[in-house]
Amino acid sequence: METIVFALLNGVIYGLLLFMLSSGLTLIFSMMGVLNFAHASFYMLGAYFAFTIMGATSFWIALFIAPVLVGLVGAVVERYGLRRVHANGHVAELLFTFGLAYLIEEIVKIIYGKTAVDYKIPDLLNFHAFTIYGASFPAYRMFMLFIAISMLIGLWFLLKKTRAGLIIQAALTHPHMVGHLGHNVPLIFMTVFGIGCALAGLAGVIAGNIFVTDPAMAVQMGPIVFVVVVVGGIGSLEGAFLASILIGLIQNFAVGINANFAEIFWFLGLSPTSEIGDITISSLAPVMPFLLLVLMLIFRPRGLMGEQEL
Amino acid sequence: MSETTQSMQNVGPTSGAKFRQRTLPILIFIAIILAIPMTDPSRTVYTLVHQMAINIVFALAYNMLLGKGGMLSFGHAVYFGLGGYYCLHVMNWIAEGAGIWANFPVFFLPVLGFLAGGLSAAVIGSFSTRRAGTTFAMISLGVAELIASGAFMFDSLFGGEQGISGDRMNGPQVFGLSMGPMSDIYWFMAFWTVISIIAMYAFTRTPLGRLSEATRDNPQRVQFIGYNPTRVRWLVFTASGAFAGLAGGMSAVNYEIFTPEALSLIPSGFVLIMAYVGGITYFVGPIMGAILLTYMSSMMSDFTEAWLLYLGLMFVIIVMYAPRGIAGIVFGVWDGLTGPDKGTYIGRLLVQIAGMVLMLIGLIVLVEMSIRWSNGYGEVFEPFGLHLGTTNVLTWILIIVPIGAGAALLRRVNREKEEAVA
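Protein chains in written order, with my numbering: chain B, 1 to 310; chain L, 1001 to 1422.
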């Protein structure tokens, strides 16, 4: 029972974290058609910035400053990099962000070293929130849940209830019309890119200390975020949300299942010592999102909530 | 639009132009290949040349997809790796003398790599090529990640962490090559490189090769004239995967080992960089890129730890300022030098080169200083007897002044160019 409760909690938290990353990516993608390959690199930057700021001041200041800094970096990248390659088409933009991801990783390696940095959970949150069935749940994870839900509400409010959100939504589908109405579309693009990157940075700030903050964290996270965007349906925030939670739950439940193929497919006469029979569900957990992607592409190519077929 | 009345005879190249553009480069390439062993190369040179040969074939195969087909793949090393893995398994069957394999010469292993790569690309491509562009790129990444991480689960096929190794000196000999010494492998490499280059060039001249370019530019029109773009993409993807598998087979024979790392995103990214830096709009572009980047990766890593950073910078700069790659730069300079307005062109070119060299100097000082500071061993960047520490004022002068001056020069040339056009 406690396995289920914990997998559920951790799955939702991980899913919300994924959504924090993929919401920015989806917004940027549906507005500009740019798939930001470097999106996970901004997540990494968030964690590293927070580590630096936390060293100088405190975690709470880092929580606010680091995402803003990441957002500014993102805005600069859009203004002086992406806008220049925009004329050469979407593939050129994708290649630019691919190169950028590469550069950010190498620069991080030079500044912070190749090994993980000691980015810790703040002392204030380093206790057990509650204990159920004899196992305790860390308070920091509850804090992550709180931040993620606030972000979700904030983003929803910004997009649906404010004038700026209305303009952004209009620019998603009809950028030319919005331009004709006198809005500065390039500025909107830059802002959205900045906000998307800041969200990724925020995810980095709150996740970097619970996972590992090292130069490989972007490469680990990047492909999963892409899977979320495709599975959710390209350009759909609701879809990205569903896919994030789904993948978070699948991965966390899979980790908790120790059964191997021989036990599950016993009716096929699979031997537990054979290579396929020996594979456990928990060892499949890292592959699950990609498996889901392939199955999705074969059986429902438009994704969970996508409007058009891929 | 006045040229619409041009007769068809004038549109095609003359036989002289055909010879110069198609046959001559291949002949020169073959001549270079024949000349290399005469210089009695060392082991290091052989190792480098063999790696170049593998990368040339791989990069060209990749460019069938990116340059000609307009499909950006982040996971093409999968087909390279699967082809190579299959060849290594066959190599081991040859060594065991198992069944029909006992009589299969190692020399022809790349053919099997070709088939294995093509088959796996045909299967994966059947669902991944449904869409082009960004969607395809994302799917290629996901599939590559799935296969690369799945490979670690099947030890009998992929050998786990230590991979699978073999011995190429078994089976019957062909062309009198025992496949043992490096000089024998050289001829093996030369043979397969030339064959693949000719085959891949020939592919661009086939109706399918032409259709793949048409599908890249306008899939809708391709559909109007009665072809199925998805099918074209799938066929091109299969062909590209097959040649990638061939390169994998060459690599299997050369190194006699394959690890699951070879399927991962890192080699996939490297082949993308090779092809793009070389220039994807030209057939020779990926060849140039493969030669240059292989050379850089083996030589520059001796000079500087930060060579990956330089590589990344070069890639981003090429994406931003020279999307036609090195081949584009070379042909552009050639056109400029033979063009009508030679004087001004050379003048501008020299200023541009000066600007770039200045910026490069500043950049190198910055990067080399930082990397020594980051290592924390107290090492200091000391070019030409200078002592460039982080606290030295001269260091910062050497960083800021050249970058500023170089940027100013480049800016001026660009403004002049724009004014000349306007």
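Rather than coming from a laboratory, the hints here were simulated on the basis of the structure. Even glycine gets a Cβ: it sits at the ideal position worked out from N, Cα and C. The reader is advised that the hints may include incorrect statements.
[As the list claims (entries may be wrong)] Just the calculated beta-carbon pair ranges, DEER-fashion: (1) GLU1261/L x SER283/B: 33 to 41 Å; (2) THR1338/L x GLY89/B: 37 to 45 Å; (3) GLY179/B x GLU1416/L: 50 to 58 Å; (4) VAL68/B x GLU1416/L: 38 to 46 Å; (5) MET177/B x ALA1214/L: 46 to 54 Å; (6) VAL5/B x GLN1220/L: 47 to 55 Å.
[Claimed, not checked] Straight line, CA to CA, 20 Å or less: simulated DMTMM-like cross-link-like pairs of lysine to aspartate or glutamate: (7) LYS114/B x GLU1379/L; (8) LYS109/B x GLU1368/L; (9) LYS114/B x GLU1419/L; (10) LYS114/B x GLU1305/L; (11) LYS109/B x GLU1379/L; (12) LYS109/B x GLU1305/L.
For each hint, the structure was consulted:
1. GLU1261/L x SER283/B: 33 to 41 Å: 19 Å, violated
2. THR1338/L x GLY89/B: 37 to 45 Å: 30 Å, violated
3. GLY179/B x GLU1416/L: 50 to 58 Å: Violated: the Cβ-Cβ distance is about 32 Å, outside 50 to 58 Å.
4. VAL68/B x GLU1416/L: 38 to 46 Å: Since the Cβ atoms of VAL68/B and GLU1416/L sit about 40 Å apart, the hinted range of 38 to 46 Å holds.
5. MET177/B x ALA1214/L: 46 to 54 Å: 32 Å, violated
6. VAL5/B x GLN1220/L: 47 to 55 Å: With Cβ atoms ~52 Å apart, the hint holds.
7. LYS114/B x GLU1379/L: 17 Å, holds
8. LYS109/B x GLU1368/L: 13 Å, holds
9. LYS114/B x GLU1419/L: Violated, at about 47 Å.
10. LYS114/B x GLU1305/L: 12 Å, holds
11. LYS109/B x GLU1379/L: 17 Å, holds
12. LYS109/B x GLU1305/L: 11 Å, holds
When each numbered hint is compared with the structure, violations occur for hints 1, 2, 3, 5, 9.
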